[in-house]
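Taken in sequence, the protein lines are chains P and S.
Position 63 of the first sequence, counting from 1, maps to 56 under my numbering, and the rest follow consecutively.
Position 77 of the second sequence, counting from 1, maps to 136 under my numbering, and the rest follow consecutively.
Quick caveat, the hints were computed from the structure, so don't treat them as lab data.
Be a bit skeptical, because a hint or two may be false.
Said to hold, decoys possible - Stretch by stretch, here's where chain S covers chain P in the computed footprint (C-beta under 8 Å, at least three residues): (1) 5 to 12; (2) 69 to 76.
What the hints assert, rightly or not - Going by beta-carbon spacing under 10 Å, a handful of chain P positions derived as facing chain S: (3) Ala2; (4) Gly59; (5) Leu63; (6) Gly65; (7) Phe91; (8) Pro92; (9) Arg127; (10) Ala166; (11) Ile169; (12) Glu172; (13) Gly184; (14) Ser186.
What the hints assert, rightly or not - Chain P residues, not near chain S, derived (Cβ > 12 Å throughout): (15) Gly22; (16) Gly40; (17) Gly52; (18) Arg66; (19) Val81; (20) Glu98; (21) Glu183; (22) Ile185; (23) Gln214.
The model shown is predicted, which means the values in this text are computed figures rather than measured ones.
Where a beta carbon is used, it is the ideal one built from N, C-alpha and C, also for glycine.
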Amino acid sequence: MPPDGAGAAPVLELSGVRAAYGRIEVLHGVDLAVGAGQVFALLGPNGAGKSTTLKVISGQLPITGGQVCLTGRVVNGAVPERLAQAGVCTIPEGRGIFPSLTVRENLQMMTFSGRPRSMIEEQAYARFPRLRERRRQVAGTMSGGEQQMLAMARALTTDPALLLLDELSMGLAPLIVDELYEIVGQIAREGISILVIEQFAATVLAVADVAGIMLQGRVVQVGTPDEMQTALSGAYLGGGG
Amino acid sequence: MDTEIGGRTFDDDADAAATSAGEEASPRMAEFERQVAALRLRGQSGSFETRLLYLGIALLGLGLLMVGVAWFRASDTTVQHEQIDYLISGGIGGIGVTLIGAAIYLRISITRYLRLWLVRLLYEQRAQTDRTIDALERIEAVLRERPS
Ligand SMILES: Nc1ncnc2c1ncn2[C@@H]1O[C@H](COP(=O)(O)OP(=O)(O)OP(=O)(O)O)[C@@H](O)[C@H]1O
Ligand SMILES: [Mg+2]
């Protein structure tokens, strides 16, 4: 059940958000809300504007209209560094890791946050035991799933309040994706709000509290995972929305 | 703060219960709210860096203007001590201001360029690693197929 405190402002809320690359508008008024400890799955085909939505939330792309709110406060125009410091953490499409460093070195880079090295490592290995076995391996030579785990482990050392995940399942075997999403569910139960982006419904809907469908720069439908599951086939065929 | 994170890592179920039971926000959520409230928002004028860049350009122009004005003033008079005054205040002062402006301008543009360059390098390196891994995987696959 989504532990969305009644009356409390959502952790993240977009209303009528517009954004453009140069003069080409890509987001034409995006609305969505993620409550505390909720997993929101945003689904949509190639080029719908999903990654752009994340860029807007993390402050990397200025918006041209509408509002981005965090815990009820309008944060339009906040700089990415400050948002990250506050606890808005993005795991970008692909992997946000250093492929030529070892697992351990990748984790050690996170000591810039002021936390001791041993603690960061222990925290990461406790959640992802597989990383402990691989700690001396060069990150770029690990399997895609393991790299994604490393990316998540790194992100979690920043103590995020809002986690933004872009296409976690990209290029991974279904079994690994299941495993990763199980961890995502676990993270959400610890009170971290999560916005997940995926092209296909796949496994996300199993852990999501709410799901939305994005088409051509707009969130055209929001509902329970079950509702979206049925709506999805129609949307991709051009019938829904 | 730190110990709390450690606690969350190892003690999922207790925390899950707390979250779903509680209307009372988790400590992290409360802190997030505080941090968000303290966020400074960017004005219309762009980043601090862009403003510095403009300041550099402005100082550069101002310095050159000072030199120019001093030159005209100095050539207008034949009184030598006035010429020396103009030389010092306009000429040397102007050159100083120009140098400071140029330094700021260079500092910012080089930073920007290097930043772009670094990102580009990282990107290239990543692509290269991907290619290497691809090649290795293909070689491995071939070797596996071959009965030994
Ligand atoms: N840096 C950019 N400059 C110009 N246009 C861009 C840029 N990035 C994305 N776009 C365009 O914006 C639109 C939305 O892109 P976006 O990356 O948000 O899609 P997406 O939903 O994440 O798709 P995918 O599932 O392929 O990742 C696309 O038409 C894309 O071509
Ligand atoms: Mg994308």
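Now the hints, each set against the structure:
Remark: the stretch 5 to 12 of chain P is not confirmed as covered by chain S, as 0 of its residues place a Cβ nearer than 8 Å to a Cβ of that chain, below the required three. Counting residues of the stretch 69 to 76 of chain P whose CB lies closer than 8 Å to any CB of chain S gives 6, which reaches the minimum of 3, so the coverage claim holds. Residue-level restraint check for P:Ala2 holds (minimum Cβ-Cβ distance to chain S is 9 Å; threshold 10 Å). The restraint placing P:Gly59 at the interface with chain S is violated, with a minimum CB-CB distance near 15 Å, outside the 10 Å limit.
A cut of 10 Å between beta carbons decides the hint on P:Leu63: the least distance to chain S is about 5 Å, and the hint holds. Checking P:Gly65 against chain S by beta carbon gives a least distance of about 8 Å; that is within 10 Å, so the hint holds. This hint holds: P:Phe91 has a C-beta 8 Å from the nearest C-beta of chain S, less than the 10 Å allowed. Interface hint status for P:Pro92: upheld, as the beta-carbon distance to the closest one in chain S is roughly 4 Å, under 10 Å.
For P:Arg127, the suggested interface contact is broken, since its CB lies about 15 Å from the closest CB of chain S, more than 10 Å. Using the Cβ-Cβ criterion of 10 Å, the hint placing P:Ala166 at the interface with chain S is not satisfied: the shortest such distance is roughly 14 Å. Annotation: P:Ile169 was flagged as interfacial toward chain S, and the flag is violated, the nearest CB pair being 16 Å apart, outside 10 Å. At a threshold of 10 Å, the smallest CB-CB gap from P:Glu172 to chain S is about 16 Å, leaving the interface hint violated.
This hint holds: P:Gly184 has a C-beta 4 Å from the nearest C-beta of chain S, less than the 10 Å allowed. The closest approach between the C-beta of P:Ser186 and any C-beta of chain S is roughly 9 Å, which is under the 10 Å cut-off, so the hint is satisfied. No beta-carbon of chain S is positioned within 12 Å of the beta-carbon of P:Gly22; the least distance is around 21 Å. With a least beta-carbon separation of about 21 Å from chain S, P:Gly40 lies farther than 12 Å from that chain, consistent with its non-interface assignment.
The Cβ of P:Gly52 does not lie farther than 12 Å from every Cβ of chain S; its closest approach is about 9 Å, which violates its non-interface assignment. With a least CB separation of 5 Å from chain S, P:Arg66 falls inside the 12 Å interface cut-off, contrary to its annotation. Separation of P:Val81 from chain S is inadequate, the least Cβ-Cβ distance of about 9 Å not exceeding the 12 Å criterion. Remark: the non-interface label on P:Glu98 is consistent with the geometry, its nearest Cβ contact in chain S lying 14 Å away (cut-off 12 Å).
Some Cβ of chain S comes within 12 Å of the Cβ of P:Glu183; the nearest lies about 5 Å off, and the non-interface call is violated. With a least beta-carbon separation of about 8 Å from chain S, P:Ile185 fails to lie farther than 12 Å from that chain, contradicting its non-interface assignment. Interface exclusion of P:Gln214 from chain S stands, the closest Cβ pair being 26 Å apart, more than 12 Å.
Checked against the numbered hints given earlier, this structure breaks hints 1, 4, 9, 10, 11, 12, 17, 18, 19, 21 and 22; the rest are met.
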